[in-house]
Amino acid sequence: MSAQRASTAIRVVAAREISVKLRDKAFIWSTVFMLLLVTAATVIPVVLSQRVPNVRVAVQGATAEEVIALAAELGTQADVDDEVGPPIALLGVGGLPAAKITWVAAEPDVDLARMLRNEDVSAALVGDDLAELRLVGLQSVSEELEILVTAASSELQVAEAAEAGGLTPEQVVAITQPTPPEVQLLDVRPAGTMPPELLILVFSFLFYLSVLTFGMSIAQSVVEEKQSRVVELLVAAMPVRWLLAGKVVGNTVMAVGQVVVIVGAGIIGAVVAGQRQLVTQVVDGSGWFVVFFLLGFVMLACLWAVGGSLASRIEDLSSTTAVMQILVIVPFFASIFMTDPSPVQRALSYVPFTAPLLMPARVVQGTAEAWEPYVAAGVVAVTAVLFVVLGARLYAGSVLHTSGRLKAAQAWRGTD
Amino acid sequence: MSELRVLGVSRAFGEHVALDEVGFAVRPGRLTGFVGANGAGKTTAMRIIMGVLAPDAGTVELDGAPLTLPVRARFGYMPEERGLYPKMKVAEQLVYLGRVHGLDGPTARRRVAELLDGLGLADRASDALQTLSLGNQQRVQVAAALVHDPTVLVLDEPFSGLDPLAVDEMGGMLRRRAAGGVPVLFSSHQLELVERLCDDVVIIDHGRVVAAGEAGELRAARTRRRYRVVVEGLGPDGPAALLAAVPGATLVADAAPPGVVVDLPDGADEQPLLAAAQARGVVRELALIRPTLAEIFREVVR
Chain A
1 MSAQRASTAI RVVAAREISV KLRDKAFIWS TVFMLLLVTA ATVIPVVLSQ RVPNVRVAVQ
61 GATAEEVIAL AAELGTQADV DDEVGPPIAL LGVGGLPAAK ITWVAAEPDV DLARMLRNED
121 VSAALVGDDL AELRLVGLQS VSEELEILVT AASSELQVAE AAEAGGLTPE QVVAITQPTP
181 PEVQLLDVRP AGTMPPELLI LVFSFLFYLS VLTFGMSIAQ SVVEEKQSRV VELLVAAMPV
241 RWLLAGKVVG NTVMAVGQVV VIVGAGIIGA VVAGQRQLVT QVVDGSGWFV VFFLLGFVML
301 ACLWAVGGSL ASRIEDLSST TAVMQILVIV PFFASIFMTD PSPVQRALSY VPFTAPLLMP
361 ARVVQGTAEA WEPYVAAGVV AVTAVLFVVL GARLYAGSVL HTSGRLKAAQ AWRGTD
Chain B
1 MSELRVLGVS RAFGEHVALD EVGFAVRPGR LTGFVGANGA GKTTAMRIIM GVLAPDAGTV
61 ELDGAPLTLP VRARFGYMPE ERGLYPKMKV AEQLVYLGRV HGLDGPTARR RVAELLDGLG
121 LADRASDALQ TLSLGNQQRV QVAAALVHDP TVLVLDEPFS GLDPLAVDEM GGMLRRRAAG
181 GVPVLFSSHQ LELVERLCDD VVIIDHGRVV AAGEAGELRA ARTRRRYRVV VEGLGPDGPA
241 ALLAAVPGAT LVADAAPPGV VVDLPDGADE QPLLAAAQAR GVVRELALIR PTLAEIFREV
301 VR
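Residue numbers (our numbering), protein chains in the order written: chain A, 1 to 416; chain B, 1 to 302.
None of the hints are false.
Once the Cα atoms are required to be at most 20 Å apart in a straight line, the calculated EDC-like pairs of lysine to aspartate or glutamate come out as:
hint : chain 1 : residue 1 : chain 2 : residue 2
1    : B       : 89        : A       : 224
2    : B       : 87        : A       : 224
3    : B       : 89        : A       : 24
4    : B       : 87        : A       : 315
5    : A       : 25        : B       : 92
6    : B       : 87        : A       : 24
Some chain A residues near chain B, calculated using beta-carbon distances under 8 Å:
hint : residue
7    : 5
8    : 9
9    : 12
10   : 229
11   : 233
12   : 235
13   : 238
If you want the footprint, here are the derived chain B segments under chain A, 3+ residues with CB under 8 Å:
hint : region
14   : 43 to 56
15   : 72 to 84
16   : 90 to 99
Just so you know, the hints here were simulated from the structure itself, not pulled from any lab data.
Being a predicted model, the structure only gives us computed values, none of them experimental.
Where a beta carbon is used, it is the ideal one built from N, C-alpha and C, also for glycine.
Work out the full structure: start from the sequences and follow the hints.
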């Protein structure tokens, strides 16, 4: 009966927190802004990297035409290869860029400079001899075009020289298209293209942002009830720990919801942009981050509620929540700067405040034993429970104190 | 029918003793006025009844059983320091408070609609509280105490800040609640109001209950043998002559003409006074003066 009452009361309080938050314009706009930011960050680079440049070239001379035809073929080939695997190395030129080359044959008397100035073409290739080819541009020549033309010309020159030397067509192919060595890694990490540092940074930032914004909103919600005096009605109807739990639950739901929406938008963006592989990596590596995010958030949320109840007015909040701000900022920087495995990193990954970020970071980096995150999660969970108890006590002791700020010791004794 | 009993409740804040073994009863179906000077301990006592503060000693019982959380959740409370959510819509926060008190959603919404209708605030239901006038905010505060159909009402200064019409409205509301069998306890500084409205009175002073009981009995018990005599044709020397004719009688200094206010000794008969008065003129009035609550209050608190 009492447990049922408690859960109902906590749900009712949590539901109010959520409905207030959902109508908070600042919250809505910050979420929309983050959504746009994440979508842009995932989609734009992919779109940019996938764009194949179109190059239109004027060609003068038979050899030039032969070279540009091969260059166009290589450019198309590179585009196809990109989607299959790493581009092949050719004649030491390295990976060839993808490009879509079209060309127009120009009569010998055509003024190429004028065509370039009129922007009919972006470059011109002139020459009847492989040794005397000229690539003409207005202010610059497209990098892709230059590499592809160089590669095509080299291939033709090699083929010419090989033919002159009396090699068979197979031998010519062996020279112009050598087989690259197979790359084999002995210690393959699950994180391939997504560096673990980036994953750590993203989660640290999300954690930092969530705890700071929602922590502050818990503190504000507590002090608002004190300032408007409605708290006396509430504590007459339910024990303070239910009220506290309802606030923490409501804000945790909102924080997790916001993160899920933002990360979800990022994942959908990445899938749409064709980065399925990246998504799989992120999802695989996120497990412990999510667990620690929840535990760490609840642990700090209770402290923020205490920070709120030690203040009597919104204006006092910045001083009573100073400790909490430090407890959020220190782990954030610790997790960003302590990326290299060290005894200190290992030790801090068990300290309740730094564990939520450093332990999953170590898991992603592969420096943690399988059992370690469980122990650290236990430490954080126990600390969270202790904070709920401590928070409820301080909250109960200070909640009717409606003038000036209160010292923690006063709140503990419950002096009115 | 349930009776609320406060039994030997003490509470100190540091060195200051706010309540010293306070005990009284709030009977069902009756309005009980809680009277005391500022700082006498009214608010502390009410907070302890509501469980907002814990007593150092003593208990509060309903029907002979110490209050538990589910029982207290059915109480209606108006704290001394008023307050609701300023930015929340009127109906929405009343529904929320109803649910906090254990109502389910549909019941809470139905009760709120009825209450707002009764208070004439139905058209303001979806306005933010802070946009309402202070008087209307006070009405919403009343609704907050009533939303869950309370089994006991504890109201700290419900009349403060109300205009005369609103006072009548509030008084009528309290009467109706009491008539429904609910014990109603309210504190007030307005002693005339308490006298007019209350069935029972509790007077508290410096953390101690100095008088408690039925208002009429309390006045009767404090009634001494003080009479007002109005005699037509009593000359300037009349009062002195009248007193001289009645053994042991003393003149009360603040008597107002044309009457005379006289204290008789304990146990003395008022008939000699009547006879003496009739001998000196036409007696228009001879009345026993019962002290007002204000007078009793001043006397016991002094």
